[in-house]
Amino acid sequence: MLDNKNDDIFLSRWINGELSPEELDEFQSHPEYKHFAKIKAGSDALDLSDYDIDTALSNIKSAKSNSIENHKKPVIKLWPYAAVAASIAIIFGLFFFNTNDSFTSSYGEKLAVTLPDGSEMILNAKSEASFDKDNWENNRTVSLDGEAYFKVKKGSRFTVTTKNGEVTVLGTEFNVQSQSDYFAAVCYEGKVSVSNTNEETILTAGKGYQKIAKSSSVSWTFEALEPSWINNISSFRSVPVKYIFKELEEQYNITIDTKGIDTSIIYTGTFPNNDIDVALKTVFSTLGLQYQLQDDKTVVLDK
Amino acid sequence: MSDSKNSTCDEQAFDNFFKSHAKLLRSYLYYKFGDLDQAEDIVQDSFIKLWSNCAKVPLDKAKSYIYTVATNLGISIARHQQVKFKHQNYITQRKSDVTNESPEFVMLEKEYMEKLKNAIADLPERQREVFLLSRIDKKTYREIAELSNVSVKAIEKLMHKALLSLRKKIGNI
Numbered sequence: 005m006l007d008n009k010n011d012d013i014f015l016s017r018w019i020n021g022e023l024s025p026e027e028l029d030e031f032q033s034h035p036e037y038k039h040f041a042k043i044k045a046g047s048d049a050l051d052l053s054d055y056d057i058d059t060a061l062s063n064i065k066s067a068k069s070n071s072i073e074n075h076k077k078p079v080i081k082l083w084p085y086a087a088v089a090a091s092i093a094i095i096f097g098l099f100f101f102n103t104n105d106s107f108t109s110s111y112g113e114k115l116a117v118t119l120p121d122g123s124e125m126i127l128n129a130k131s132e133a134s135f136d137k138d139n140w141e142n143n144r145t146v147s148l149d150g151e152a153y154f155k156v157k158k159g160s161r162f163t164v165t166t167k168n169g170e171v172t173v174l175g176t177e178f179n180v181q182s183q184s185d186y187f188a189a190v191c192y193e194g195k196v197s198v199s200n201t202n203e204e205t206i207l208t209a210g211k212g213y214q215k216i217a218k219s220s221s222v223s224w225t226f227e228a229l230e231p232s233w234i235n236n237i238s239s240f241r242s243v244p245v246k247y248i249f250k251e252l253e254e255q256y257n258i259t260i261d262t263k264g265i266d267t268s269i270i271y272t273g274t275f276p277n278n279d280i281d282v283a284l285k286t287v288f289s290t291l292g293l294q295y296q297l298q299d300d301k302t303v304v305l306d307k
Numbered sequence: 644m645s646d647s648k649n650s651t652c653d654e655q656a657f658d659n660f661f662k663s664h665a666k667l668l669r670s671y672l673y674y675k676f677g678d679l680d681q682a683e684d685i686v687q688d689s690f691i692k693l694w695s696n697c698a699k700v701p702l703d704k705a706k707s708y709i710y711t712v713a714t715n716l717g718i719s720i721a722r723h724q725q726v727k728f729k730h731q732n733y734i735t736q737r738k739s740d741v742t743n744e745s746p747e748f749v750m751l752e753k754e755y756m757e758k759l760k761n762a763i764a765d766l767p768e769r770q771r772e773v774f775l776l777s778r779i780d781k782k783t784y785r786e787i788a789e790l791s792n793v794s795v796k797a798i799e800k801l802m803h804k805a806l807l808s809l810r811k812k813i814g815n816i
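Residue numbers (my numbering), protein chains in the order written: chain H, 5 to 307; chain D, 644 to 816.
Where hints are given, some of them may not hold.
Cβ-to-Cβ under 8 Å is the rule here; a few derived chain H residues that face chain D [unchecked claim]:
#1 Ile19
#2 Leu23
#3 Asp48
#4 Leu52
#5 Tyr55
#6 Ala60
#7 Leu61
Hint data in this document are derived by calculation from the structure and do not stem from the laboratory.
Just so we're clear, the structure is a prediction, and the values are computed from it rather than from any experiment.
Positions of the beta carbon are idealized from the N, C-alpha and C atoms, including for glycine.
Throw the hints in and build the complete structure from the sequences for me.
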């Protein structure tokens, strides 16, 4: 019975319907009974969302088809296929010179690209991304220089490589920024793994990662649902001011003369990507600097 | 490799094995580590690992192999990040066609369900695992005991404790 301290499996027998009729009768008149009955009824109403087992299996198949080739299959058998593949490749090569698709956004431009599996990539200004369209099913890898926001369809591993490090996911939304020696990744949904030569970090939704040159990396948390630049606002968080100048130059196609400015000052703030006057004013006045825009091209300091 | 029917390298055998074990493995990992998306990723990675080691793992060892690999993956991820059990991941379902619903349940309010979910999320890992495998996945105590290599009695004790903890946590509502 419930009050018997020695019976330490009474409730598990009850919830499994293993009590004798007498025991059950007795338990039902116990004041505690209704509370436990409620727990049972409530937990029986819980369920897990459905698991699409066929999709899950085909994801595994696409991931493992890579490894099959180095697993078995004698080399000789591949020859006829290779020959056919090669001739097809030559014929198609005449029409499509480059199977490596690459996209480049210019100054102040945003570019939305739909990847072969329906995943989305939005490039920020002055960024370049390329991927192998034909081998996409086996190898979801994008090379990136600049900044881009990704909405990845669930499936096999998806990798963004940059010269500062790699970001790997299975299906999620995230932002990657890699400029000279500045590297940042921000995760908006699901989770991503960020790795560079020294370390590997897992980011869950609402977490960011940033590494500048040789200094140690920092992480932070936030609540936004997508990066601000999608809505024409550039934002920075504890970043040396030289990267802010670089972003201004890329958004507005201008040159900033940094002579006499300490470009290692740490800056946190935002500026709009569609109004150069407001943008320059926002950045320079917070730094306490007087400036002038010459011929819409060059920003110089007022001495 | 001598008997391909009993080898996980046989594609048919692998598919069948996946279909009969993936779902429960996913539930098990979710209850244990608290994140359904992560559980699905781990299921995928573990089966890929099984495939690449298929020559070494006969079919009758595959189940315990896959649970060991998956649990280790889960633990190594958990070491990097403390996951709070995400009770939003599972759904509440009113089974209107079930007639043996107790009258108490009909009166249960959303508030009670929230309280119950929170209480389950706060259970110690092993109690939660046993409680949910039994109540959601409808696994018998024997089947649950086999998953984690302990006695049926131990599972029954955990279930009893889980119910007492839930009762204490929920209070009189």
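Each hint, compared with the structure:
1. Ile19: With a closest approach of 7 Å, the Ile19 of chain H hint holds.
2. Leu23: Violated, because the Cβ-Cβ distance from Leu23 of chain H to chain D comes to roughly 13 Å (cut-off 8 Å).
3. Asp48: Holds. Min distance 6 Å.
4. Leu52: holds, 5 Å
5. Tyr55: At about 5 Å, which falls below the 8 Å cut-off, the nearest Cβ of chain D leaves the hint on Tyr55 of chain H intact, so it holds.
6. Ala60: Status holds, d = 6 Å.
7. Leu61: Holds - the Cβ of Leu61 of chain H comes within 8 Å of chain D, reaching about 5 Å at its closest.
When the structure is compared with the earlier hints, a violation turns up for hint 2 alone.
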